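Assemble the whole structure, with the sequences as input and the hints as a guide.
If you read the sequences in order, they're chains A and B.
Read in order, the letters of the first sequence are residues 60 to 344 in this note's numbering.
Read in order, the letters of the second sequence are residues 60 to 344 in this note's numbering.
Check each hint, because a few of them may be wrong.
Note: identical chains are not told apart, hence a pair may lie in one copy or across any two.
[Unchecked claim] Below are the EDC-like pairs computed for lysine to aspartate or glutamate, each with C-alpha atoms no more than 16 Å apart in a straight line:
1. 133 to 240
2. 315 to 336
3. 302 to 322
4. 137 to 107
5. 132 to 180
6. 80 to 265
7. 115 to 254
8. 137 to 195
9. 159 to 207
10. 296 to 176
11. 204 to 336
If you're looking for bench data, these hints aren't it; they were derived computationally from the structure.
Quantities reported herein were computed from a predicted structural model and do not represent experimental measurements.
Protein chains: 2
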Amino acid sequence: MELWFTENHSENVRFSVRIDKPLYSEQSPYQRIDVFETPEFGRMLTLDGYVMITQKDEFIYHDMIVHVPMAVKKNVEKVLVIGAGDGGTIRELCRYGSVKHIDLVEIDGAVIRVCREFFPEMTASLDDERVTVNIEDGLRFVRHKKNEYDLIIVDSTDPFGPGEGLFTREFYGNCYNALTDDGVLVNQHESAFYENDAKAMCRAHERLRSVFEVHRVYQAHIPTYASGHWLFGFASKGLDPIKDLDAEYWESLGIKTRYYNTELHRGCFALPNYVIERLGGGKEQ
Amino acid sequence: MELWFTENHSENVRFSVRIDKPLYSEQSPYQRIDVFETPEFGRMLTLDGYVMITQKDEFIYHDMIVHVPMAVKKNVEKVLVIGAGDGGTIRELCRYGSVKHIDLVEIDGAVIRVCREFFPEMTASLDDERVTVNIEDGLRFVRHKKNEYDLIIVDSTDPFGPGEGLFTREFYGNCYNALTDDGVLVNQHESAFYENDAKAMCRAHERLRSVFEVHRVYQAHIPTYASGHWLFGFASKGLDPIKDLDAEYWESLGIKTRYYNTELHRGCFALPNYVIERLGGGKEQ
Chain A
60 MELWFTENHS ENVRFSVRID KPLYSEQSPY QRIDVFETPE FGRMLTLDGY
110 VMITQKDEFI YHDMIVHVPM AVKKNVEKVL VIGAGDGGTI RELCRYGSVK
160 HIDLVEIDGA VIRVCREFFP EMTASLDDER VTVNIEDGLR FVRHKKNEYD
210 LIIVDSTDPF GPGEGLFTRE FYGNCYNALT DDGVLVNQHE SAFYENDAKA
260 MCRAHERLRS VFEVHRVYQA HIPTYASGHW LFGFASKGLD PIKDLDAEYW
310 ESLGIKTRYY NTELHRGCFA LPNYVIERLG GGKEQ
Chain B
60 MELWFTENHS ENVRFSVRID KPLYSEQSPY QRIDVFETPE FGRMLTLDGY
110 VMITQKDEFI YHDMIVHVPM AVKKNVEKVL VIGAGDGGTI RELCRYGSVK
160 HIDLVEIDGA VIRVCREFFP EMTASLDDER VTVNIEDGLR FVRHKKNEYD
210 LIIVDSTDPF GPGEGLFTRE FYGNCYNALT DDGVLVNQHE SAFYENDAKA
260 MCRAHERLRS VFEVHRVYQA HIPTYASGHW LFGFASKGLD PIKDLDAEYW
310 ESLGIKTRYY NTELHRGCFA LPNYVIERLG GGKEQ
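Okay, structure coming up:
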């Protein structure tokens, strides 16, 4: 028997992964959660039929959403992570000695439960004593926070379903208020190649730009995401992701990574012209 | 009726593209050639079932295989292009006023004939008076050339079938001899993510490194190639792709591009750690 999982990257493009064995399936109040064993990618988590995480390439996403801001904003102590029930972002954050407290806010407790069972290497840090797991709506959680976090990471699903509120202007405005003066917000920022992804990218960019003084977009090669070219947003009240990068500081921490390095940090902000144009032109996005 | 083209990116991963209409199919003496009309990518050329070119993203490949070397080796006059029967590489080269002569060497005349019919916007420059089209084996063509070309572009298919000889040490050695002292060779260099591609990448790198004084690998996001993360090789007898980049010179040429820019030029050589490690470690690949 052959079993294949298929995700539509657009109406006209399909990405299919051979499945050794479906390991788990659940309809939570928020979304359908599936875990598969695959020969190419190891275990794979999908939410509502979209690939979220595979064991083979999750290091790329988690390196880029964590180490990029951490090499710019030094000595981060307090972090808010929204989404990220799979634990990968928390795992990377916990490698920093400076971090004293992490609030993880995940709307769907089932994601955490399932990932604890099937991805123990990703979720182990959820038990770190510095981490508080809050099962609630990130939109609501951040609403009344003021000047509290050095770093906010929005590790959301796509901007429909449970992730939708995490792409609104109201949410970004509340994040702005929740950040310290030299705080940084990073978010998953969709993609530029397929039309629906590109529209979501533009909307996120417009809104973040209207709220934050600095907003830049950076890229990574993530093979299991649509087009393989995935984007992240870097927003701050003043810190610049290139000028304020302290490569020497970051390298002195001795954090070993499989994707990120400080040369690549500089490189990942150099976007292709068609992406710059789509984002609204100019070298300053 | 639904019609889908499928390419296996590995034994366990498939990439499928919806077809509006198959436009052409031919078994040449060298390979199977197909052209499809697709709603997502426009027209698409496949050779032996592998996507070579689509109208939607061919600009990425052609920008990166041409403008990267042209911004380092200035005032290129004589160019040898091996493969590239689709004409896209020649089109980009012909935008440079310095170029006086281009030898295109394509083993399979049928590819040129088919592309002239179905991709006229790519093949138009094949009629440029500076271009000589040679229908022959690139391996043989380059064998007795000495100190003749400022730039050699190896725009090959994958290292099996007709493209196989273009990944051998003998071929790279002959290219070395065919280049002027400050000449540059650029080639399509496979990919790092799926195992078979990664093996081909390593072999090409090992061989180029054993022949050329300088060999560096750079990357682009090409959505229709396996993993979306595609690599190119830059080899020379001394010119360095970063230190010898002359951004001001290149920008003064006024060549408008949709992917390449000189910031991205610097960025594209900043590889992820796992690629550096796979290539044999160290910052100097």
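When no copy is named, should residue 80 and residue 265 be tagged within, between, both, or neither for a Cα gap of at most 16 Å?
Intra 42 Å, inter 38 Å, cutoff 16 Å: neither.
Go through the copies and call it for residue 315 and residue 336: within, between, both or neither, with a Cα cutoff of 16 Å.
between (35 Å within a copy, 13 Å between copies)
If the cut is 16 Å between Cα atoms, do residue 302 and residue 322 qualify within a copy, between copies, both or neither?
Close inside one copy (13 Å) and across copies (15 Å); limit 16 Å.
Could you place residue 296 and residue 176 in one of the four classes (within, between, both, neither) given a Cα distance threshold of 16 Å?
neither (39 Å within a copy, 54 Å between copies)
Which holds for residue 204 with residue 336 at a C-alpha limit of 16 Å: within a copy, between copies, both or neither?
Cα proximity of residue 204 and residue 336: none, with 35 Å in one copy and 43 Å across.
From the Cα coordinates, with 16 Å as the cut-off, is the pair residue 133 and residue 240 best called within, between, both, or neither?
within (13 Å within a copy, 46 Å between copies)
If the cutoff is 16 Å on CA atoms, where do residue 159 and residue 207 land: within, between, both or neither? Let me know, please.
within (13 Å within a copy, 63 Å between copies)
At most 16 Å between alpha carbons: which applies to residue 115 and residue 254, within, between, both or neither?
Classified as between; 12 Å across copies, 27 Å inside a copy.
Between the shortest in-copy and the shortest cross-copy C-alpha distance, which are at most 16 Å for residue 137 and residue 195: within, between, both, or neither?
neither (19 Å within a copy, 64 Å between copies)
If the cut is 16 Å between Cα atoms, do residue 132 and residue 180 qualify within a copy, between copies, both or neither?
Neither: 27 Å inside a chain and 47 Å across chains, both beyond 16 Å.
For residue 137 vs residue 107, is the C-alpha pair at or below 16 Å within one copy, between two copies, both, or neither?
Neither way: residue 137 and residue 107 sit 31 Å apart in one copy and 54 Å across, limit 16 Å.
In this structure, the earlier hints numbered 4, 5, 6, 8, 10, 11 are contradicted, and the remaining ones agree with it.
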